[in-house]
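Number of protein chains: 2
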Amino acid sequence: MSGTKQILALNRFDGGDTSGLSAGLRERLEKRASTFGAASVLFYEQPIEMVRGNGVHLIDVAGTRYLDMYNNVPSVGHCHPHVVSAIAAQAARLNIHTRYLSRPVEDYAARLLGHFPAGLSNLTMTCTGSEANDLALRIATAVTGKNGFIVTRTAYHGNTAAVTAISPSSSSASPTAPHVRLVDAPSRASIAAGGDVAGLFAQSVQAAIADLEASGIGFAALIVDSIFSSDGIFADPAGFLLPTMNIVHEAGGLFIADEVQPGFGRTGTMWGFSRHDITPDIVTLGKPMGNGFPMGGVVTRPEFLSCFCRETGYFNTFGGNPVAAAAGDAVLDVLEDENLIANARTTGALLREGLESLRAEFPRIGGVRGAGLFLGLDFCNEAGAPDQAMASAVINALRQKLILVGAAGQYGHTLKIRPPLCFTPAHAGQFLESLRQVLRAA
Amino acid sequence: MSGTKQILALNRFDGGDTSGLSAGLRERLEKRASTFGAASVLFYEQPIEMVRGNGVHLIDVAGTRYLDMYNNVPSVGHCHPHVVSAIAAQAARLNIHTRYLSRPVEDYAARLLGHFPAGLSNLTMTCTGSEANDLALRIATAVTGKNGFIVTRTAYHGNTAAVTAISPSSSSASPTAPHVRLVDAPSRASIAAGGDVAGLFAQSVQAAIADLEASGIGFAALIVDSIFSSDGIFADPAGFLLPTMNIVHEAGGLFIADEVQPGFGRTGTMWGFSRHDITPDIVTLGKPMGNGFPMGGVVTRPEFLSCFCRETGYFNTFGGNPVAAAAGDAVLDVLEDENLIANARTTGALLREGLESLRAEFPRIGGVRGAGLFLGLDFCNEAGAPDQAMASAVINALRQKLILVGAAGQYGHTLKIRPPLCFTPAHAGQFLESLRQVLRAA
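Protein chains in written order, with our numbering: chain W, 1 to 442; chain P, 1 to 442.
Some hints here could point you the wrong way.
All copies of an identical chain are treated as equivalent in the list; a pair is satisfied when it fits inside any one copy or across any two copies.
[Unchecked claim] Straight line, CA to CA, 25 Å or less: simulated DMTMM-like cross-link-like pairs of lysine to aspartate or glutamate:
| no. | residue 1 | residue 2 |
| --- | --- | --- |
| 1 | Lys31 | Glu311 |
| 2 | Lys31 | Asp277 |
| 3 | Lys31 | Glu45 |
| 4 | Lys401 | Asp211 |
| 5 | Lys146 | Glu311 |
| 6 | Lys31 | Glu433 |
| 7 | Lys31 | Glu303 |
For the record, the hints were derived by calculation from the structure and aren't laboratory data. As the structure is a prediction and not an experimental result, all values here were calculated from the model.
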């Protein structure tokens with residue numbers, strides 16, 4: 001769920017012509033529009049009513065079973081029984097804020113922080129990735145005394161006022177705010193040519209820093225989703241973010257790794273930033289953290305959090321409640337018990353090989369990128385230009401084959417492939433065969 | 001949990017002298033400080049470890065049972081079995097975002113909107129009251145084209161960057177942002193004298209509007225917690241907000257009712273604004289909405305939400321998930337099945353009478369205010385001035401009598417009394433007797 005206008009336009013029920021829909025569905029849609037109004041957005045030309053989730057599958061009201069490769073929140077599998085029972089047991093025992101001592105949240109925090117590099121030893125829990133990014137920006141401003149932020153051109157970092165301002169994909173109608181500078185994500189051309197991805201990205205960040213400093217606003221932080229989800233998924237070459245981090249630090253700014261999408265094992269390592277061999281100053285967490293239980297977090301250095309707290313402090317009523325901690329702890333259990341990070345690597349590699357084979361077969365596939373079970377596949381027209389219409393057609397054709405998948409990227413032409421991490425080689429085979437059939441019929 | 005600096009200072013473990021604590025507790029506190037860092041705040045001079053909740057009670061690690069009159073989140077009672085089983089059942093069935101049709105969230109939205117005045121017919125679900133208020137500000141700016149907000153002097157509206165800017169109680173160190181104007185909550189003196197509370201409040205809002213307009217920023221909205229929780233709890237005379245709403249509308253601005261604290265029956269009516277016979281333009285919801293399940297919401301007019309969505313749109317990954325809807329629906333069930341709103345009125349009235357009796361007995365009680373089961377009681381020194389130290393001493397003495405209660409207000413001298421709505425006359429009697437003993441011993 002990347003929330004960008006382009007992506008919504010790509011796979012969205014537009015509410016216009018409902019003549020092809022059943023009377024029952026039309027009535028449901030009208031009722032829904034009357035309660036959720038203009039903010040109601042549904043996937044697919046013909047919206048689907050879901051009633052159950054189980055592992056990699058979603059089941060609709062007619063009992064049809066879909067392979068879910070769209071939603072990266074239920075990362076250890078829809079309705080995983082270990083997570084569900086942890087939530088149920090803790091909700092029956094105690095659900096409270098963090099102003100009393102409470103083992104579940106203290107033990108969870110210690111366990112989670114064990115997955116971070118030395119120095120990143122403080123956790124502040126929030127309820128969403130948006131709240132985490134909102135807080136991260138404020139910490140960066142408190143630490144640096146500056147207010148300028150650098151983000152990628154099609155970034156998405158959440159839905160509060162402050163993070164919408166650094167999410168160009170959310171508000172293409174609005175001009176970029178004065179304190180925000182945009183840099184291009186690594187270019188497909190450069191990656192394809194084996195070009196200097198790291199150097200080019202660092203150079204563009206360097207220029208944006210100089211521009212912020214010259215403007216008098218000053219440079220607080222660079223914030224990047226460490227797999228550039230909304231920009232179109234850019235993972236390679238591993239390590240390409242290191243020179244950029246060094247430049248950020250030389251300029252006195254902070255490096256914020258937004259792990260809301262890549263985090264918790266999806267890329268085949270615990271964090272997306274781990275692949276780049278960097279230690280960010282702030283890491284933000286969300287979506288898969290509780291497998292759907294609303295929770296997020298900010299991990300940073302104690303001195304940075306202290307600096308922020310001297311000014312304002314932070315309290316989040318629901319953040320760090322013991323039910324969230326139980327959900328988060330159960331997610332860590334399942335990642336370990338079912339070897340899901342290794343599975344993201346191996347099954348992800350298998351899936352990627354299959355996509356590369358399809359690419360050899362179908363010239364309309366312009367590129368395959370990603371890491372672990374977070375892969376992107378570009379569609380191009382015959383002239384090699386981004387083809388959003390083809391991505392849209394493929395998404396709707398795959399839905400007919402009972403596979404759910406979305407799109408991303410600056411041009412909306414990148415298939416965004418991110419199934420639950422319990423995805424097996426058999427599921428990969430099913431997807432590859434269905435995609436082959438769809439592409440043959442195209 | 002009002003998150004104000006004054007209140008934290010009032011009932012906060014300060015981390016300094018731990019010599020009076022057991023070795024085990026000291027170790028826990030050190031471990032906690034090392035993971036949560038400077039943002040870790042605990043209640044009470046000697047923090048308490050809680051392990052269970054049940055109805056109006058919290059139970060600590062030693063098995064001691066406390067009467068909880070502090071936390072207004074578990075509003076239908078800690079770990080209410082109907083809410084817990086609704087969460088458990090739905091979490092096992094399906095937990096997903098709002099881009100598929102889904103009965104639980106659609107039915108919940110329709111049911112919840114049935115509790116609002118005509119016109120307020122669109123619901124946008126969020127995960128927290130902070131997210132709801134953040135969105136409300138953006139809707140107000142989209143609708144009015146202005147960016148100036150008016151709030152009360154000790155208001156608290158949440159923890160994102162945007163709502164912290166309109167929460168003077170959160171950041172007493174910072175100067176008020178240029179787009180924010182502060183007005184005094186109704187004065188105790190005026191209320192005590194039977195003065196023109198409505199007229200005085202309207203007059204101060206009128207002046208703030210004029211100031212915002214003169215500054216060139218322009219007036220977008222007044223946002224008030226409809227029982228002025230952080231300001232010290234001001235509920236009477238019922239209806240006093242009506243002239244202010246009219247002035248706001250005459251100036252082309254919006255009236256935002258923040259129901260995060262008073263909402264869902266606590267004041268003896270479903271919403272705090274209901275007592276004032278007004279229809280706000282935007283209503284925000286949070287804390288008690290899911291009895292602790294992280295959820296919030298914004299209710300507004302379809303034309304206002306449309307206006308906002310033309311610019312940006314809004315999507316919240318966890319907002320409106322069916323588990324939240326199940327929790328929210330169960331809360332509405334319990335409010336009805338157990339007649340909790342009527343109970344808030346009747347038991348609240350009983351409790352208030354008892355507090356008034358104590359006031360007659362103890363001159364250090366300077367005032368008793370509130371509605372339903374949301375009451376405030378001021379402590380004054382012998383000269384009649386606000387006495388924060390006395391409030392703090394009473395809070396710690398009540399804790400020794402196994403009663404948990406906090407404080408609020410500009411001077412931190414107001415006992416903030418808000419038990420779960422299943423609070424009975426017997427609990428009220430227990431509290432009154434304990435408070436009497438504490439005051440006698442003072």
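Evaluated hints:
no.: 1; hint: Lys31 <-> Glu311; verdict: between (46 Å within a copy, 24 Å between copies)
no.: 2; hint: Lys31 <-> Asp277; verdict: neither (50 Å within a copy, 28 Å between copies)
no.: 3; hint: Lys31 <-> Glu45; verdict: within (18 Å within a copy, 52 Å between copies)
no.: 4; hint: Lys401 <-> Asp211; verdict: neither (49 Å within a copy, 61 Å between copies)
no.: 5; hint: Lys146 <-> Glu311; verdict: within (14 Å within a copy, 28 Å between copies)
no.: 6; hint: Lys31 <-> Glu433; verdict: neither (38 Å within a copy, 52 Å between copies)
no.: 7; hint: Lys31 <-> Glu303; verdict: between (51 Å within a copy, 17 Å between copies)
In this structure, the earlier hints numbered 2, 4 and 6 are contradicted, and the remaining ones agree with it.
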